[in-house]
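Both chains are sitting in their own frames, so use the hints and assemble them into the complex.
Here the protein sequences line up with chains A and B, keeping their order.
Residue numbers for the first sequence follow our numbering, so the first one is 2 and each next one is one higher.
Residue numbers for the second sequence follow our numbering, so the first one is 325 and each next one is one higher.
I should point out that these hints are in silico values taken from the structure, not numbers from a laboratory.
The reader is advised that the hints may include incorrect statements.
As the list claims (entries may be wrong) - Dumping the calculated EDC-like pairs for lysine to aspartate or glutamate here, alpha-carbon to alpha-carbon at most 20 Å: (1) 120(A) <-> 607(B); (2) 423(B) <-> 72(A); (3) 448(B) <-> 372(B); (4) 520(B) <-> 452(B); (5) 520(B) <-> 74(A); (6) 453(B) <-> 197(A); (7) 379(B) <-> 544(B); (8) 40(A) <-> 544(B).
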Amino acid sequence: MQNLSLLKLLHLVSPALPIGAYAYSQGQEWAVDKAWIKKPEEVEAWLTGLLQHGVAQLDLPALIRLYCAWENDDVASVRYWNQFVLACRETQELLLEDQQLGIALSRLLVSLDIARHEKVFSDSPSLVSMFALAGVSWHIPCDELLQGYCWSWMENQVAAATKTVPLGQTQAQQILQRAMTAIPHAVSTAKQVEDDNMGLGLPGLAIASSMHERQYSRLFRS
Amino acid sequence: MVKTISEYMSTTSALPTTISKSSFESSDAITSEASSQRREWLAKLQLEFYAREHKTVLRRVEHVGPLRVQKPFYPESRGCCHVYLLHPPGGMVVGDSLKIQASLHPNCHALLTTPSAGKLYGAKHLKEKQHQTVVFEVAANSCIEWLPQETIVFDGANGELNTRLNVQPSGKFFVWDILRLGRAASADHFVSGQCKQALEVWCNGMPVFIERNYVKASSEFSRAHWGLQNANTSATLCASLVASRDQIDQWLEYLQQHCGDGMWGLTQKQLASAPGEAASQIDRPPIFVARYLGHSILDCRRGFEFLWQQSRPLLNQCEAVAPRIWRT
Chain A
2 MQNLSLLKLL
12 HLVSPALPIG
22 AYAYSQGQEW
32 AVDKAWIKKP
42 EEVEAWLTGL
52 LQHGVAQLDL
62 PALIRLYCAW
72 ENDDVASVRY
82 WNQFVLACRE
92 TQELLLEDQQ
102 LGIALSRLLV
112 SLDIARHEKV
122 FSDSPSLVSM
132 FALAGVSWHI
142 PCDELLQGYC
152 WSWMENQVAA
162 ATKTVPLGQT
172 QAQQILQRAM
182 TAIPHAVSTA
192 KQVEDDNMGL
202 GLPGLAIASS
212 MHERQYSRLF
222 RS
Chain B
325 MVKTISEYMS
335 TTSALPTTIS
345 KSSFESSDAI
355 TSEASSQRRE
365 WLAKLQLEFY
375 AREHKTVLRR
385 VEHVGPLRVQ
395 KPFYPESRGC
405 CHVYLLHPPG
415 GMVVGDSLKI
425 QASLHPNCHA
435 LLTTPSAGKL
445 YGAKHLKEKQ
455 HQTVVFEVAA
465 NSCIEWLPQE
475 TIVFDGANGE
485 LNTRLNVQPS
495 GKFFVWDILR
505 LGRAASADHF
515 VSGQCKQALE
525 VWCNGMPVFI
535 ERNYVKASSE
545 FSRAHWGLQN
555 ANTSATLCAS
565 LVASRDQIDQ
575 WLEYLQQHCG
585 DGMWGLTQKQ
595 LASAPGEAAS
605 QIDRPPIFVA
615 RYLGHSILDC
625 RRGFEFLWQQ
635 SRPLLNQCEA
645 VAPRIWRT
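This is chain B alone, in the form it adopts within the complex (with noise of 0.2 Å):
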């Protein structure tokens, strides 16, 4: 159920405004609607993630403000933890800030997800964001899924979504990124404001695969054929995998008669090495990408769930086990 701006409003006014700051670094602004006009609300959710010896338990949590998180799921044989992020809210208006950040110690590993869609409200053309980070730090021999639902924008957002690994080079990843503009269900598209997206993966300080949108309503780049196409879907999945050829256009195949609604683009990033090297000396990992672009976020998301469940044995040996939530 999606709730109405006001409903959202004195819920927040019905929460407490006073948050201790607790090990977080001290430039973080908080609510502070009584001292200025700039409303700032931020939640904060630290994981941490250490292996035993048959799963992974998470064994640290931080929080601040409105982000929960469930008892973890233990849904496969090989001990992967499942852990679902809740933000009661349900979304995020002028000047909320968000941010996730989970750390994976060597040899762990853990599926993230969320119960329902994120949103970001519309910001009354304010100049004050609505800014979500996540950031994943992925130890040696750990592997990080990290498979939220959508985000849906609403007209006259003003967004920053962030989302960055920092993996070490055997660390493994598969994660994916999908906003969707407007709601197209009840005739409220987005015709005004604007959200900036990145997806990046780093390693050992240096970059490995850089995804920065930069979405403005109404513009040449949601129009013409090499922006959005005036798409409302579009969506980025990055795995730390290698596809063979027939592999990709097996799946490639799938796709466009199943989820054929928009457009799918897979494509495997591999650096050509130094003339006279063999391979390339610097140890990092592969990249795989998957990208839709359409109008269907159903599609989107089945063909997402379908490569996911297509590649986890390239990615990390465990036959997928989709997470309950997503059932329900």
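This is chain A alone, in the form it adopts within the complex (with noise of 0.2 Å):
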């Protein structure tokens, strides 16, 4: 048999991936807005902070967890983790963020003959749970599922950032080249990071988020 796993991650990762990513700004126009970030050094700065600090701390972790549970069928261990991510989502756009994606992946994979998770969940599922299984299910080894998972989160952000700040197309790519090098260490902290400890939150993030669901005029849904 072929080994297609680096094509299926790139799949899973693609921004054609039709499952609206583009849309979510994550708090970062709010951030804009209120000039805490207004040249590229501080995008990057924001970036970096907020992979090592928020998805290294709830996202990646999870992903581990639910990336064993799909392989190991267990059930109970999904919806644990799945009904975790979403207690942990700082506000109601976040949430509803990772639940649109989730929910909008978990329709796409069933397209695709994947249909393990469709009994599974009775709220939307976490895009966190999604992506695992699309990495079980496509056989991503977890270390590339896990690199994929900061590429496409960090990827979506500059490209929103292009619109907020703005970028210009070289200033968003100079920024992706020199932040995704802080991908590696995300991941091999995620590992590290036990049960007890997961779900670090970001006071600032949290509030921008919430002021962003106030926000006059915008053009992100998160």
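What follows is the structure, given as structure tokens:
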């Protein structure tokens, strides 16, 4: 059998994957509006900070646990960690984003003949849960799946910044080149995170996202 | 009045060092200054609330070490039991552990508060932590309100503050957790040390709301815009109520106008049901969240009290009656 895992990963993290991730900025739009982020260096600092202190503390450790749970057909653990991620989402917008991307990926996987999750959730699932299922179903090694998740998140955040800050295309690519070097460290951090320490929050981001919910004029849904 | 550490230490050494373990689990550390270098002092308080015909009563109180409750007050017409928790030493030094546990049996209504701020004193770079664990068991149709004063984290502290609610789906709650870093008034800034803080709501063994912060002094977290932005007051309020968009807009406007030294974030979390389901099949409480980040403990407290007074009718159909001790 051919090893297609790399190609499957590229498929999963492609910005053309029709789940609508481009519609969300995760509070960045408000942070820019508030002039917390003005320059390309500040975009980069914002992203690497969120990656190391947010994504690496919740999304990635949960992705590892959900990957194992799907691999072992452990539905109770899938439900538990899915619920845990949703309970950690700081605001309604961040929760809604996670569930809307989750349900979109869930539907897409069904159309690609993956249906193991159909009776598992009574709420819309977290994106993290569906990402893990795609990884397991397509035999993508967990390590690569983690990096792919970070990449996909980062590329989307930079794409948002091109509109909010705004940035030129070249600046955006330069930020990506530099910021991606933080991904391996985030992945190794995530592997060390124990259950009781998962989900460390970011107070400033939580406020930014709450305020974005009431932002008068906006391009993004989060 | 804030005691100095030496005053506190002399107070503690005057108190008995042998503590009966009573019904608590045997793994808990008991004062053992004599036997080792590690100093540990455990204080525990366990409360149980039962519903009687016209009021909620506090029936069983067990305590170990210096944690107390006063005789409950009943300032409300519908029998809500107001309880003040006292920790006479006034603060926690390294190795101290406070455990507060309250069980609300069905149909109870209890409001718990503290007369003064909690304090985590400097730990002098020792590895031992200062632990505070608060656990509430909230049975069907009961309502807990946990409205403590802030916790002041002194420079050099090594604290861990956990607040956990285990609620039945019809259980109600209104809780807040206010962290004050350093003592701005006496220019004692929080430049070293750390504090982990968790506020969690669980329902039938599943997480409903999880907020965990790991505040490390002089770190990227304490400076960054996504972190504390150098603010010394960070606070979260979580309640099982549903506020409309208009209500939240009005509350936010008030907070920004009248408690505007700092930033406010209000949000109503609502899980989206699975496709084809009209509503979630899982019964659990709604989650309203308010957060404050800034430099004014006064605005933070006033803002939280405002939200409590405004939203209490939504929570449990009662008008807010502020605990008397807040006004003294």
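Against the structure, the hints come out as follows:
Of the pairs offered as hints, the one joining residue 120(A) and residue 607(B) holds, with about 18 Å between alpha carbons and a cut-off of 20 Å not exceeded. Of the pairs offered as hints, the one joining residue 423(B) and residue 72(A) is violated, with about 39 Å between alpha carbons and a cut-off of 20 Å exceeded. A threshold of 20 Å between alpha carbons decides the hint, and for residue 448(B) with residue 372(B) the separation of about 37 Å lies outside it, so the pair is violated. Proposed proximity of residue 520(B) and residue 452(B) is supported: the alpha carbons are some 13 Å apart, at most 20 Å.
Annotation: proposed proximity of residue 520(B) to residue 74(A) is violated, straight-line Cα distance about 34 Å (limit 20 Å). With a C-alpha separation of about 16 Å, the suggested pairing of residue 453(B) with residue 197(A) holds against the 20 Å cut-off. This hinted pair does not check out: residue 379(B) and residue 544(B) have alpha carbons roughly 49 Å apart, beyond 20 Å. Of the supplied pair hints, the one linking residue 40(A) and residue 544(B) holds, its CA atoms being roughly 19 Å apart against a limit of 20 Å.
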